[in-house]
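*Asks:* Please model the entire structure based on the sequences and the hints provided.
In case you want the letters, here they are:
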Amino acid sequence: MLKIENLTKSYGDKKVLTGLNLQINAGEIFGFIGHNGAGKSTTIKCCVGILKFEGGNIYIDGTSVKDNPLECKKKIAYIPDNPDLYEYMKGVEYLNFIGSIFKVAPDLLKQRINKYAADLELSNSLAQPISSYSHGMKQKLAIISAWIHEPKLIVMDEPFVGLDPKAAHTLKLMMREVCDNGGAIFFSTHVLEVAEKLCDKVAILKGGNIVRCGTMEEVVGGESLEEVFLAGAEDD
Amino acid sequence: MIKSLIKNEFIKVMRLSGRTKDKKSGISGFASYLILMGVIGVLFAAMAFGMFIVMAPAFIQNGIGWLCFTYAVIIAIVFAVVGSVFMAQSQLYRAKDNDLLLSLPIPSKLILFCRMLPLYAQNFYFCFIVLAPAYVAFCVAGGFSFLGLLFVLVDLVVLPLFTLTLCCLLGFIVAFIASRVKHANIITVVLSILLLAAYFVVYSQMDTVIKAMMENGSQAAQGIKAYVYPLYLVGRSAEGDWLGGLVTFAICAGLFGLLYLLLTKTYLGIITRKAAASKSVYKQKMVKSGSVWGTLLAKESKRFFRSTAYLLNCGMGVILLLLAAVWFIAMGGSFFGELQNANPDLVKILTPIICIGICMISSMDGVTAPSVSLEGKSIAILQSLPVEGYKPLFAKVFFHVLFNTPMAIICGVIAAIMLKVSALGYIAFILMPIATNFLFGALGLIFNLLKPMLDWDNETVVIKQSISVLFLMLAVFVIFGALVGLNFAATLIVSGEIYLLICTLSLAAGAVCAFAWIKKFGVRIWENL
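Chains as they are written, first to last, in this note's numbering: chain A, 1 to 236; chain B, 1 to 529.
Treat the hints with care, as some may be off.
To be verified - Quick list of in silico lysine to aspartate or glutamate cross-link-like pairs, EDC-like style, CA-CA up to 20 Å: (1) K279/B to E121/A; (2) K283/B to D107/A; (3) K172/A to E28/A; (4) K3/A to D61/A.
Claimed, not checked - A short list of chain B residues far from chain A (calculated; beta carbon distances all over 12 Å): (5) F49; (6) L153; (7) L169; (8) Y199; (9) L243; (10) F256; (11) A475; (12) K520.
Said to hold, decoys possible - Partner residues are not named here, just some residues of chain B that face chain A (Cβ under 10 Å, in silico): (13) K279; (14) K285; (15) S289; (16) S291; (17) K302; (18) I379; (19) A380.
Note that these hints are calculated values from the structure, not bench results. Since we're looking at a predicted model, the values are computed, not measured. Yeah, the Cβ is synthetic: ideal placement off N, Cα and C, and Gly gets one too.
*Replies:* What follows is the structure, encoded as structure tokens:
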């Protein structure tokens, strides 16, 4: 579903990603872990086509992000780390906007909005302006907007930040449902417990490259993810 | 702490474009700001000097030399209040970093003080470019006194305090009402339009008032002395009168002190209070989907109409054209009829100028000039969606065209009827506003793509002061100035209608080039923002 080959990216003289390789298959929830500034958000932004990269390539379901970004964007949904949504819109207007861009049929759109808004307990606030939303409500809206066009791959940067425990639980169920239906999830997180319990595979990013990658068992062995991560940090 | 706060406030106001991540761009932004304000200041100061050098000798001869400085003070007050009033509310009450600053151990009165300083600087600037040349003119005509200079210097410091008091008071009233009503935006728009209406009334009467001021100096001097004694005293301060100087200082400083006390008592309450929002209930019928173009246009429309600052600053041309259309209907027939009888050649020259004027007013609504910057941090939404890069950009221009063109055409057709133009003239009066709005909509977007400012704290600064907006205004004046200038030569060779059609074709060709640039280079810039 997602294949990253020798990805390199620099900001000026600073090399952020140095030949990163990664593969995510359909049906997988893939966790991306790394310390602050390791390059997680940069990798994610390159994958969703909002950041140009110098070397390597990224393929979404076989299509190159470099050569055909538009076709790739049709297959994915992206939730940024900070939900900076259009504050001048109402919640439902924002969902209409996303639904229209992805050309979701009106009946389907209605059905999906009702379902996901009910699941995340946002139905009562959909007619309110986004400017009146809390951080968590904005995050819920961003999640609904990602789910309403049923993308093959959902890419999320720190999706659990700001969510209440119930919404976080609902999101985990929604993520599993996507994978059960043949989709894939790629998300970054600092909450190692979440990654450990939820992810089928995990990658630890350090200094612009992946230091460990594989199924949870392969990565942690007999230890906990936290121990592996901290041991990696101490190697510095 | 105070130094950092003050520096932060000035950087926010003086940044014209770009992200100030590196020192160089910050310095160049600051330098651009200073150069721009310097050029505008010199122009206005030259105009003020020209006016007062004519006025001063007669007044001094009649023993009412003080009236010259009193007039300068009145003009400076009007100028400073009009120039700063719309910034005051957003600067004091609507900054995005209010929550951040309030969470830090900084007294709210200090935050208020630091927010006021850039406003004071702005008021000082407006007062300075009127009062300084007026005083020089006064000295040239009537001689110099050390005490006079001293008190004028004091006036230069305290009069901006007085105008700042007026601006902040109006800002406070708007913010106070807005924090307590459901439809704060509507209230703000209505109050702002009332203020603007008052400004236009004053502006339209300015010529008559200045003439009357110059011709009836003695009566004006008596009236001011009898009814507005402080204005007499402030005028006397320029002649070195110590009572005038002291009273001016006491009034300005005292009023500002009172206002500062009022604002410090209410500041925290206003900025932390959330107005009661009208509770709308979500209904399934609210879910709608449309075409990509329709959706992008609707997005631009919501961005525009739901921001008071955006609507007021970039929608005023439509209101002006509406007023012009009303004037054409009410007075145009008789006015142009009389002109036709008196001098038919003048009407011939005037016809293209009126059409160009309509287009100029219309294109001054630079809806697109701050539109990229206004995307702010949410720009990633559009960038991550599966739409070709040119579509969101063209949607911005199309919204500009859709918003501005209908009123320009209506006004143009009414003007054409009143001017009794030929069939070709009608075509020009309809097509030229269309070509104009396509061109200037695209130009505004290009300027903003070249000079974007996405990390703003206060959208009013982006809308009013960003360099893309200033570039667009400059382009409007240069291009339409050239068209008016060329008109005088062109009408010797071709008819006014033909000239307008040539202009329309030129503007349309410019628009095509601008659109091609956006599609080729603009999209690349947009995708990398």
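*Asks:* All hints, please: hold or fail.
*Replies:* Hint-by-hint comparison with the structure:
1. K279/B to E121/A: Judged against 20 Å, a Cα distance of about 17 Å means the pair holds.
2. K283/B to D107/A: holds (14 Å)
3. K172/A to E28/A: With a Cα-Cα distance of about 13 Å, the restraint between K172/A and E28/A holds, given a limit of 20 Å.
4. K3/A to D61/A: The given pair, whose Cα atoms are some 8 Å apart, holds under the 20 Å limit.
5. F49: holds (45 Å)
6. L153: The assertion about L153/B holds, with a minimum of 46 Å to chain A.
7. L169: holds (27 Å)
8. Y199: The assertion about Y199/B holds, with a minimum of 27 Å to chain A.
9. L243: holds (53 Å)
10. F256: holds (33 Å)
11. A475: The claim holds: A475/B sits with its nearest Cβ about 28 Å from chain A, beyond 12 Å.
12. K520: holds (17 Å)
13. K279: holds (8 Å)
14. K285: Given a least distance of 9 Å, the restraint on K285/B holds.
15. S289: holds (5 Å)
16. S291: With a minimum Cβ separation of about 7 Å from chain A (threshold 10 Å), the hint on S291/B holds.
17. K302: Status holds, d = 6 Å.
18. I379: I379/B check passes; min Cβ-Cβ to chain A is 8 Å, inside 10 Å.
19. A380: Holds: closest Cβ of chain A sits about 6 Å from A380/B, inside 10 Å.
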